[in-house]
Amino acid sequence: MGKTRVVELSPGPNGEERTTKMTNLEWALQYVKLKVQEMIFNGRKTDQCGVILFGSEETDNIISEKSGGYEHVSEYIPIAQPNAGTLAKLDALKPSEVSGDPIDALIVGIETQDVYLAKKKSWTRKIFIITDGENPIEIEDWEATVKKMNALDINVTVVQVKPQTLVRLSTHAINRGVDFDDEEFQFQEDDKSNIKSENEAFYHKLTNALDVGIIGTCAHALQDISRPEVKQVKSSLIGSVIRLGDVDVRPDEAIEVIVRASKCTALARPKSWKKFGHRETDEDAFMEGGDEDEPKAVFAQLKMRTEYYIDRSEQNADEEMKTEEEENEDSELGHKKDDNLEKVEKEQLVKGFKYGSTYAPCPDGQFPRLPTRKGIDICGFFPAKSFRRELSMGEVQYLWADPGTPQQQVALSSIVRAMTDKNVMAIARWVSKDGMDPKMGVLVPRTLDGKIDCLLWVQMPFADDVRKYTFAPLGRLVSKKGEVITKHPYLPTDEQQEAMDSFVDAMDLMDVGDKNEDGTRGQWFDTRLTYNPAIHRTKQALFHSAVVNDIATNPLDPPHPELLIYMDPPKRAVKRARDAVEECKRVFKIKEVPKKAPKTRKDGHVHAQEDDGEELLLDRKAPTRTQPEGMSQITAAANTPAPSKPAADSDSETEDEEEELLLVKKPGPSNHPLPTPARSLSPPVDPGRAPGRIIGSTYPLKDFKKNIAQGDVVTKAVEDLGFVIQEIVMKPFSSRRHKELLECMKALRDVCLKEDEIDAWNVFLRDLKKSCSNDPGNPEFWSEIQKLGRSISLISTPEAAKLGGESDVPENAAEVVSLAYLSKRARIQA
1 MGKTRVVELS
11 PGPNGEERTT
21 KMTNLEWALQ
31 YVKLKVQEMI
41 FNGRKTDQCG
51 VILFGSEETD
61 NIISEKSGGY
71 EHVSEYIPIA
81 QPNAGTLAKL
91 DALKPSEVSG
101 DPIDALIVGI
111 ETQDVYLAKK
121 KSWTRKIFII
131 TDGENPIEIE
141 DWEATVKKMN
151 ALDINVTVVQ
161 VKPQTLVRLS
171 THAINRGVDF
181 DDEEFQFQED
191 DKSNIKSENE
201 AFYHKLTNAL
211 DVGIIGTCAH
221 ALQDISRPEV
231 KQVKSSLIGS
241 VIRLGDVDVR
251 PDEAIEVIVR
261 ASKCTALARP
271 KSWKKFGHRE
281 TDEDAFMEGG
291 DEDEPKAVFA
301 QLKMRTEYYI
311 DRSEQNADEE
321 MKTEEEENED
331 SELGHKKDDN
341 LEKVEKEQLV
351 KGFKYGSTYA
361 PCPDGQFPRL
371 PTRKGIDICG
381 FFPAKSFRRE
391 LSMGEVQYLW
401 ADPGTPQQQV
411 ALSSIVRAMT
421 DKNVMAIARW
431 VSKDGMDPKM
441 GVLVPRTLDG
451 KIDCLLWVQM
461 PFADDVRKYT
471 FAPLGRLVSK
481 KGEVITKHPY
491 LPTDEQQEAM
501 DSFVDAMDLM
511 DVGDKNEDGT
521 RGQWFDTRLT
531 YNPAIHRTKQ
541 ALFHSAVVND
551 IATNPLDPPH
561 PELLIYMDPP
571 KRAVKRARDA
581 VEECKRVFKI
591 KEVPKKAPKT
601 RKDGHVHAQE
611 DDGEELLLDR
621 KAPTRTQPEG
631 MSQITAAANT
641 PAPSKPAADS
651 DSETEDEEEE
661 LLLVKKPGPS
671 NHPLPTPARS
681 LSPPVDPGRA
691 PGRIIGSTYP
701 LKDFKKNIAQ
711 GDVVTKAVED
721 LGFVIQEIVM
731 KPFSSRRHKE
741 LLECMKALRD
751 VCLKEDEIDA
761 WNVFLRDLKK
771 SCSNDPGNPE
781 FWSEIQKLGR
791 SISLISTPEA
801 AKLGGESDVP
811 ENAAEVVSLA
821 YLSKRARIQA
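Residue numbers for the sequence shown follow full-length UniProt numbering, so the first one is 1 and each next one is one higher.
The hints are simulated quantities; they were obtained by calculation from the structure and are not laboratory data.
Okay, the calculated beta carbon distance ranges per label pair:
1. P461 / N774: 53 to 63 angstroms
2. Q496 / A266: 40 to 50 angstroms
3. L529 / Y76: 37 to 47 angstroms
4. V484 / P798: 54 to 64 angstroms
5. T59 / V6: 32 to 42 angstroms
6. G789 / L491: 45 to 55 angstroms
7. A209 / R269: 38 to 48 angstroms
8. D364 / P78: 46 to 56 angstroms
9. L529 / A84: 31 to 41 angstroms
In silico BS3-like cross-links for lysine-lysine, where the CA-CA straight-line distance does not exceed 27 angstroms:
10. K716 / K702
11. K3 / K21
12. K126 / K234
13. K89 / K126
14. K596 / K706
15. K739 / K702
16. K126 / K45
17. K515 / K575
18. K351 / K439
19. K702 / K731
20. K33 / K45
21. K770 / K739
22. K120 / K231
23. K754 / K596
24. K147 / K126
25. K731 / K705
26. K120 / K66
27. K468 / K439
28. K271 / K303
29. K787 / K739
30. K271 / K35
31. K33 / K126
32. K596 / K746
33. K787 / K769
34. K196 / K94
35. K705 / K754
36. K589 / K575
37. K120 / K148
38. K706 / K739
39. K147 / K196
40. K234 / K374
Computed from a predicted structure; not experimentally measured. Glycine is no exception: its CB is placed at the ideal position from the N, C-alpha and C atoms.
Using the sequences and the accompanying hints, generate a full structural model.
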């Protein structure tokens with residue numbers, strides 16, 4: 001297994017072909033480590049494995065210890081549940097010059113497995129033989145070995161290492177267990193040695209004689225194990241009881257059925273990742289074999305730490321002023337930025353639940369539980385057609401009758417058949433244990449395989465948790481005056497509706513799949529063949545990192561073809577919809593939008609501003625509401641103090657309605673007995689933000705810096721600050737704020753240059769010059785801009801190139817256009 005081979009890798013960033021060299025042992029061990037990694041990933045206690053080597057220099061096996069023989073066969077890893085140490089031991093294997101007999105190793109494996117599983121008769125037994133086929137084999141009495149394996153129900157898979165030619169075979173070939181030479185795939189190894197030819201024929205004979213035997217190549221095995229698959233989980237049965245009627249008050253009219261619950265579906269998530277940070281160890285940790293003065297760099301796992309702070313800025317104004325005076329007397333440097341945050345210990349806090357605009361304290365951590373009793377109480381029945389599927393929550397569970405009680409099976413079957421005949425579902429209240437919180441859900445009757453009756457349970461929300469959001473009709477617009485508008489760009493015309501109907505019909509996926517046996521085409525999408533790309537791609541990356549030693553020389557392979565089967569639309573549907581798409585482009589006047597770097601907006605969806613400034617929809621204006629007074633709010637932060645909360649705007653209305661878990665300070669001797677959200681006694685300053693804007697006219701520079709610090713709303717902040725500057729410049733008596741506006745422009749230009757918003761700045765400056773030159777305008781402000789010179793003019797191409805940006809303004813144009821005087825009348829006025 002020490003021969004070197006060339007293995008093809010995934011294409012490079014530019015599509016170039018890449019290869020790497022490795023030994024046959026390293027290549028074959030990838031399959032072994034992937035099989036072991038699958039057991040570690042699933043985490044089942046019944047997934048156990050051991051590794052036996054043949055061709056090892058020493059001899060260490062269960063048969064040799066008793067009766068001798070079976071030379072050069074060693075039990076390298078005893079049978080146990082695998083872990084990271086198992087993979088480390090496999091990485092330590094090196095090729096040897098000693099020849100070993102695979103049949104000896106097979107017999108040792110059978111005996112070792114049989115001894116370990118002596119009391120575990122129901123366990124599935126599997127043996128995988130990985131070989132290059134070049135070892136001499138002693139084939140005497142092999143029929144007795146086959147007989148023993150058939151008696152023990154052992155599944156045998158022979159994986160043989162062979163040339164890399166078969167790596168590119170299709171996925172369908174893997175399922176067929178293709179061997180060395182196969183005419184179907186047009187492969188024939190011409191220079192095969194005599195030993196390999198004889199061994200190949202023997203392995204075929206061996207697997208054919210077994211009840212369950214498979215022979216395949218290592219290339220196919222590696223592709224097969226990378227295929228996405230659904231993790232099958234056997235759920236344990238949990239006992240419960242279904243009650244219909246009041247079994248305590250009217251037991252003669254009530255029914256109790258003993259049931260067992262098991263999972264029907266289980267939620268799967270991508271494997272979570274732990275966060276590590278690069279750091280240097282202490283002075284005792286040094287590079288091995290290096291300079292003692294050079295520390296060794298390592299990665300340490302990051303752990304979350306939570307600290308709690310009180311925001312004093314929202315307390316009573318008089319109390320806040322007094323606190324600041326005391327702090328200034330004690331500090332020579334004066335009041336710092338975060339001095340209004342006071343750290344408190346967790347023991348000083350009491351858990352509270354937000355209810356509307358107030359907090360309900362819960363000193364014990366939870367409210368008193370209801371005196372509930374274990375079981376499933378049926379509250380009533382309703383027609384199945386009235387079931388709202390969008391309200392179903394979480395996983396689905398089976399409810400089976402008690403397997404050991406025929407009477408209970410008949411009772412549950414009667415209920416299921418009656419519900420099926422009436423086409424109804426049941427509303428049920430499930431309590432998992434005595435005293436636990438109840439869950440509301442629905443029971444759905446099901447008959448599996450035409451003979452097994454059961455119920456399906458799915459949780460539903462409580463009535464108080466269902467929120468109804470009303471939206472104005474899409475086809476009806478009402479102006480601010482209450483008049484119905486019939487023609488508007490928001491309202492589709494008959495021609496537009498017909499074009500969209502044609503497009504939707506052309507994209508029908510029910511007849512663009514593969515052809516059936518009768519020649520008709522079926523649907524394209526099949527849920528049984530779909531996989532979650534996040535789960536399986538994460539799993540593939542995790543497995544690959546555990547298998548290869550160097551990611552740089554052996555990068556991650558592309559996703560498996562079955563994972564990408566539904567990523568692209570079917571060509572048949574795209575071709576059929578081509579004319580409908582062109583018609584939609586013509587009717588809706590669709591034009592290509594210039595590409596721009598996508599950046600997250602803080603406010604999400606924003607209504608477009610109309611040209612005439614008229615508000616068409618009545619529901620755009622956020623309702624006003626008064627805020628209660630009370631104690632200060634406690635904020636939680638991880639590692640760093642939390643910033644003070646900005647003034648509430650229209651977006652905070654939704655947040656006030658949400659129920660979230662907060663922390664409020666324990667009431668002390670001098671505290672108020674009832675905790676409520678903190679609000680200042682003095683009215684808050686109006687930030688002057690227009691609907692949909694994150695920059696206000698009251699403190700534009702402060703708002704701008706605060707949003708830029710977040711890092712994900714740069715585009716929105718630049719756009720809004722430019723809008724606010726032009727708005728203030730055009731207002732009467734704006735001369736008193738000229739200095740402030742110039743500071744805003746300097747900050748805006750600096751951010752645009754550094755954050756690749758150069759086009760936004762140049763457009764803003766041209767629009768500002770046009771606005772100032774109009775009548776009425778503000779030529780005085782533009783004169784002050786001219787006095788600042790080149791530092792605040794257009795951003796030119798050379799200036800943008802220094803920071804890796806792009807601009808369409810030459811240097812001479814930036815000097816002339818931005819600083820050119822206005823009209824003669826404007827110069828006289830200036």
